[in-house]
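Undergrad: On the provided structure of chain A, position chain B as indicated by the hints.
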Amino acid sequence: MSTTNTEESSLTKKDFVTENDVRWCPGCGDYAILNAVQRTLPELGVPKEKFVVVSGIGCSSRFPYYMNTYGFHTIHGRAPTVATGVKSANPDLSVWMVTGDGDGLSIGGNHLMHLLRRNLDINVLLFNNRIYGLTKGQYSPTSEVGKKTKSTPAGSLDYPINPLLFALGSEATFVARTSDTDQKHMVETFKAAHAHKGTSFVEIFQNCVIFNNHAFDPVTGREVRGEQALMLAEGQPLRFGENKGIRLNGFDPEVVELGNGVEESDLLVHQSKTSNPAYASILAQMAYPAFPTPFGILRQVEGRETYEDALHAQIKSAQAQGDGNLQELLTGKNSWVVE
Amino acid sequence: MTQATDSFEEIKSAVVRFAGDSGDGMQTIGERFTDSSAFAGNDIATLPDFPAEIRAPAGTLAGVSGYQLQFGSTSILTPGDEPDALVAMNPAALKANIADLPEGGMLVVNVDSFKKMNLKKAGYESNPLEDEEFRKKYQLIELDLTSLTKEALSESPLKPSDKARCKNFFALGFMCYVYGRPLEPTLNFFDQKWGKRLPDVADANSTALKAGHNLGDTMETARNRYQLAKAAVTPGVYRKISGNEATVYGLVAGAQCANRELLYSGYPITPASPVLEGLSALKKYGVKTVQAEDEIAAMGVAIGASFAGDLSVVATSGPGMCLKSEFIGLASITELPVIICNVQRGGPSTGLPTKTEQSDLLQSLFSRHGDCPLPVIAAHSPSDCFDCAIEACRIALTYCTPVIFLSDLYVANGAEPWLVPNASVLPSIEAEFANPDEPYVSYKRNPETLARTQAIPGQPGLEHRIGGLEKAEDGGVSYDPDNHEQMTHLRADKVERIADSLAPTELHGEGEGDLLVIGWGGTYGAITSAVQAMQAEGFAVSSLHLRHLNPLPKDLGDIISKFKKVIVPELNLGQLSLILRAKYLVDAIPLTKVQGKPFKVSELREAFHKELS
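In order, the protein sequence lines correspond to chains A and B.
Counted from 1, the first sequence has number 143 at position 143 by the numbering used here; the numbering is strictly sequential.
Counted from 1, the second sequence has number 1160 at position 160 by the numbering used here; the numbering is strictly sequential.
Careful: at least some of the hints might be erroneous.
Stated by the list, open to error - Here are some, though not all, of the chain A residues that point toward chain B, as calculated from beta-carbon distances under 8 angstroms:
#	residue
1	A83
2	T331
3	G332
What the hints assert, rightly or not - SDA-like cross-link-like pairs, simulated, lysine to any residue; straight-line CA separation at most 25 angstroms:
#	chain 1	residue 1	chain 2	residue 2
4	A	K136	B	K1564
5	B	K1283	A	G226
6	B	K1564	B	Q1595
7	A	K333	B	I1589
8	A	K136	A	L157
9	B	K1196	A	E328
10	A	K184	A	G226
11	B	K1095	B	P1057
12	A	K14	B	K1283
13	B	K1012	B	D1081
The set of hints was computed from the structure by calculation and includes no laboratory data.
Ideal placement from N, C-alpha and C gives every residue a C-beta, glycine not left out.
Chain A on its own, in the form it takes in the complex:
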């Protein structure tokens, strides 16, 4: 019990596993994400008791029950508000928020936007499987147009939201994408999210094995991944496949083949730290099949104060001349004495 100063090295994945039976469907992508998070946290140098995992409602939101940390399974769409309360009350905690495409972008889109603009130092993991799983297979706000589901037998009508563009539109200071199929990449991305001071938004392509199986196979499938996934690396040209890259033509990206006069120096070079969100927006809009789908950190901008730091700084500044005296407050400035 005397583990206040838990050494980084003393924690292992096992410390973050609960006794609860994990109740996701066999083959669900959530298992891989849980594994990656449980592998990441011991390596962050944060005492275990300082982690808080907050979630909303949905398959992904069962996550806190499987993490042996402080956890809060809240209500549908509202996890960002509870996470904001936790972090505002105690900025010393490492707060991780788990949500899904329905929870985070449909019922909870408003709160997610405000969390991102306030820039609390919270790590948001959005499991995007492009379907409602826990309610058994209705289309979600990230489902492609025309998706046939139980609630849309003739095909869905509405144009999907792009989670990365949503985050960029909210001027999130850290925006990344990873996939449940890539353990190493997930762990790297989560570590970077933790290291970022401010809200870190991570979209995770997550396969729903029951209601939307193989949704991401054209991009993340073992055989096609090399051709269809664009792995972002800081300072490196945007290259993918054997010999292809991304070049800018006006404001539009285009896929080019190297050779025949196209040099690597013609390609866009990945710079996630530019403050202008235009470049990250170009990346966010690149998608299969017209483009390779980018994975990695699209944007990480330091320097904007976090909400909780500003909140506590105001209090500290007000108390610089001494704490408030309750009797003075109650008596006020315009009292009178009755004898």
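TA: Just chain B now, with coordinates in the frame of chain A:
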């Protein structure tokens, strides 16, 4: 302060109403007149009454804003049924208020504004001031307020339009003369508000105030001047306080009593916004305030902060309560302390956002899905909000539960003198967090209160998960049918246990009789005044005023059984009476009013008489 001269008529109390355009500063002079009366040692009760529109078209009935107060040398419990004196700054203000002024009442009008256009906007076909019958009906005092103010300010460097805006203080000065109110508190107010920043504005308003006062002194008109003795009250330090201010102070005091950090989150809503604004200004006291993106978010932030160990509070009004309902259910099942203040206004929907009502009682008791009883308390006067806020903190922390604290627009915006409590003797609130040296069982309960113990993030070894799914005692998710039934009972029983901690119910009058009046919330003053008057007439009437609406006091059933009849006055369609009928099988008679206005003492007396005849 005032000296008795031959021209003074000694009175025990008076009711004054100021009415004008919503941009005329009626609330401001009403508050200043209140301060002066408090300063003069009188008891007071106030009723600010303003439209929902910030600046409705000038001169129209829609834009009329009013402020009524009663002050006196005896105990003043209500702002008064009808004014003794009405100040009308324009024809619309006259039209909207004249029906309330009894024959022979004092009527002060700004004749400068009684021009054709303004008369037309107010819907007058001819100038009522030219009607002989009208002139005879009241004690009419016609003042050229606009021109008199401009004249008094001839030396001021202000623009002519800004000079004219000082006319409200000219009118205030005049009324201060009539009722022998001291000018010092208002002069101090000018100095505090504008002294350093805008000295010309402070000077101009001071000059206008004094000029109004002097005019009273020099006017030839034969006219009464009134004088009131100081109210006989408990000695001590007093201040004026509104309900929302008292709520703010009570929350800060409650957090200190419990040695917890206070986090308030809110979304602006009439009439609860002053709680958000008030607490935001108290950073020196370590208060964290978050203005959330909506009502739902405000509740979520509070729940998160509570989980992290803060004493967390939200304040809202009806529409916000609707939005928070789902989250309140989460706070109930996770058994987290959160204080939910509902400053009630006229509903449903947007309803009457700037008028009072007590129509959220059933919502407070029942708005969650599932069986989800919660403690509900209500403040009966502005200063009582202080005690209720501390009581809400006590219940929330002692029983680890969300608490609904009801006030209403009448209580929140009204003001009265308050005997300032000694901060050092406020009762402490004991609520410990879990001990890290002992194994933690999330839903293990205190055998006396049935409260669980919170373990807060950051404590090593106490890691645990909570959430909206039903849990077993050990904190694990449980779909077991028997467990759900047991937990549902435990949560309800816990709330019921609060009744064990309540003092015996105070009865106003004899313990048995012909009629028992049961009230709650802001109707206290009117009910008490009416019952006092009837007791003086010899009727066997008693009253009691409930602070705790859930759980109800344990002795309530016994008290009710000693009376032949029970009547329940409420500013709704009979919500408490429904509860009393259900719980005590008593034929509780509902006495209802939903006009956005408080009860008049006279209408209560009439209704009580009727029940006794």
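Undergrad: It remains to establish, for every hint, whether it holds in the given structure.
TA: We went through each hint and held it up to the structure:
For the restraint placing A83 of chain A at the interface with chain B, the shortest Cβ-Cβ distance is roughly 6 angstroms, inside the 8 angstroms limit, so the hint holds. Hint status for T331 of chain A relative to chain B: holds, with the closest Cβ pair at about 5 angstroms, below 8 angstroms. For G332 of chain A, the shortest C-beta to C-beta distance to chain B is roughly 5 angstroms, which falls under 8 angstroms, so the interface hint holds. This hinted pair does not check out: K136 of chain A and K1564 of chain B have alpha carbons roughly 60 angstroms apart, beyond 25 angstroms.
Annotation: proposed proximity of K1283 of chain B to G226 of chain A is violated, straight-line Cα distance about 55 angstroms (limit 25 angstroms). Proximity of K1564 of chain B to Q1595 of chain B is assessed by CA-CA distance (about 30 angstroms); at most 25 angstroms being required, the pair is judged violated. This hinted pair does not check out: K333 of chain A and I1589 of chain B have alpha carbons roughly 45 angstroms apart, beyond 25 angstroms. For the proposed pair K136 of chain A and L157 of chain A, the alpha carbon gap of about 19 angstroms is at most 25 angstroms, so the pair holds.
The suggested pairing of K1196 of chain B with E328 of chain A holds, with an alpha-carbon distance near 23 angstroms, which does not exceed 25 angstroms. Taking the CA atoms of K184 of chain A and G226 of chain A, the gap is near 16 angstroms; set against the 25 angstroms cutoff, the hint holds. Of the pairs offered as hints, the one joining K1095 of chain B and P1057 of chain B holds, with about 16 angstroms between alpha carbons and a cut-off of 25 angstroms not exceeded. A threshold of 25 angstroms between alpha carbons decides the hint, and for K14 of chain A with K1283 of chain B the separation of about 42 angstroms lies outside it, so the pair is violated.
Taking the CA atoms of K1012 of chain B and D1081 of chain B, the gap is about 15 angstroms. The hint holds against a cut of 25 angstroms.
Comparing the model with each earlier hint shows violations of hints 4, 5, 6, 7 and 12; every other hint is respected.
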